[in-house]
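Novice: Listed below are the residues making up each chain.
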Amino acid sequence: MKDTLKIGGREFRSRFILGSGKFSLEIMNAVIENGGAEMVTLALRRANAGKENILDHIPKGITLLPNTSGARNAQEAVRIARLAKELGCGDFVKVEVINDSKYLLPDNYETIKATEILSKEGFVVMPYMYPDLIAARRLADAGAAAVMPLGAPIGSNKGLLTRDFVKIMVDEIDLPIIVDAGIGRPSQACEAMEMGVSAVMANTAIATAGNVGVMASAFKLAIEAGRKAWLAGLGRVLEHEGEASSPLTGFLED
Amino acid sequence: MLYMENMEIIDSNIMDKVLEKTERYDPGRFTEDDVRKAIRKDILTLEDYGALLSPAADGLLEDIARKAKSETRKQFGNSVSIFTPLYISNHCSNGCAYCGFSVNNKILRGKLSYEEIDRELKAISETGLEEVMILTGESRDRSSVEYIGEAVKLAKKYFSTIGVEVYPLNTDEYSYINTCGADFVSIYQETYDTDAYRLYHPSGPKRVYPYRFHAQERAIRGGMRGVSFGSLLGLGDFRKDAFSTGVHAYYLQQKYPHAEISYSVPRIRSSANDGNFTIKNDIREKQLLQVLMAYRIFMPFASITISTRERAGFRDNIIGLAANKISAGVKVGVGGHDGEKKGDEQFDISDIRDVSQVHEMILNRGLQPVYTDYIRMM
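As you go down the protein sequences, you meet chains X and S in turn.
For the first sequence, counting from 1, position 125 maps to 125 in the numbering used here; every step adds exactly one.
For the second sequence, counting from 1, position 280 maps to 1280 in the numbering used here; every step adds exactly one.
Among the hints, a few may not be true.
[To be verified] Calculated pairs, EDC-like style, for lysine to aspartate or glutamate (alpha carbon to alpha carbon, straight line, at most 20 Å):
1) X:Lys102 <-> S:Glu1062
2) S:Lys1069 <-> S:Asp1058
3) S:Lys1074 <-> X:Asp100
Honestly, the hints are just simulated from the structure, not real lab data.
All chains should be modelled from the sequences, with the hints used to inform the complete structure.
Specialist: Laid out in structure tokens, this is it:
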């Protein structure tokens, strides 16, 4: 069975989106290969110029997902996205608008505004957001190609703290839901996939691993396992308490 | 603490809050258990932060180091930013007791012309750097706001990230420097102890403690994206000063959540002309490390710079552990990146390595040098 992730007219076999910037560029190739990633995010602010350009380290055939990190409002995000296009990063963009330097939580309101402008300009917009159903609906209306709710604050490795709210988005939003930020270990990525998200993005969890390459491969397997479980349909899982052994409605007669 | 003419007074209660917290901070009352509790937390309270800076933490530095390293790693991965300062003038009207640029010192004074600034900036950019910090002494006559602004405009031709470390400005002046192309402001209170402050800053505009204190807030209001904090450790009780520094940054970020926070950790060293100044509270490397790590654990998201005041061996080990930013190819005299220096140094530096040497060192430690991590919006 062919099971691909479709975003912005492209098809991806891999459901693992790799973040970059937190590990050395030299091992980028190996990490991408081990993780089987077909999409790699990069902070445009790191690619803008400099002695070593991150763009030179990303192999051909990989879809670049430049992010607008550093943007504090919609206007700045739009500007960074346009700059990304000018620099040859393609038309995918991960809109990231953050104006809280402590928790790095996204500003959904500004994110919706930027998404609307950029999707009208022909960008394939994948907004990073706080998992709020109403905001996700507005993002869908604004033309987002996928939505990327956070599992936990960026870099926290705390896992799927927003589980129930992401699940609501999976159930209600007719777009790929990609968990971004906070995933700290493969089992958490697997759990996200089991509950039906379309893909998982990870950066810190891999970059801070003892062996970056091996951890990328562990994520690949976990994401594939979670996906298979979702496709198979999870069997009955008992939560919280057991079920009564004799029927509660057995007294009914007609 | 009387303001001088033309010094803007802003409505802010941050200084009162910081001084009140500092007054109540008693480093001696913490136990090792308090320190351990602080290490286990994700988000530290001011109490926890105080514990990390206390003498009770002395025996737990290794545990603190593990936590600091993990926080640095989570926040920055293996990235280490690299930059250099450029001193464009060392004229100064302050008589700070510990500083080589003090008006009381007979040193070679100099100021770069715009042509010279351009040549210096070009020479720096040819080393591959993308970030520069422009510095002056405090002399509104010799290095005016317009002069600093012109220097920033020149820097804009070569650099993606520009910071200024100049005397405190009014909000509209910060705004002007911001429109010229600088987005980051470094300014250090030196000591938060008002008595020690008065003692070491006997003359010049710098003696006005509150005007200096509110500089970061004016900078943020003026449109700057990031501000740096620091105490010159050793002037006062280093634990209390480091505590105040962190609390200052904490309240500022709480009031302006978008503000990017940085720390520097200068400790007082012998300056070029320090004949009259003796260091009473010598800060050792162990204590400096304690402060660095406390900043990191208290504010994992903050940028921490390690300067060339420290020896190479110390700096090399601090990056990746607590600091995420390092200077290279540093000259602390006026100019000197392209041809002769035009003025004497502010202090002696302990690490003279150039950009390529620092670059190599970073790589050899399994870290990655980062030259640009910023897109200027203006």
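Novice: Each hint needs a verdict: does it hold in this structure or not?
Specialist: To see whether the hints hold, each was checked on the structure:
{"no.": "1", "hint": "X:Lys102 <-> S:Glu1062", "result": "violated, 26 Å"}
{"no.": "2", "hint": "S:Lys1069 <-> S:Asp1058", "result": "holds, 17 Å"}
{"no.": "3", "hint": "S:Lys1074 <-> X:Asp100", "result": "holds, 17 Å"}
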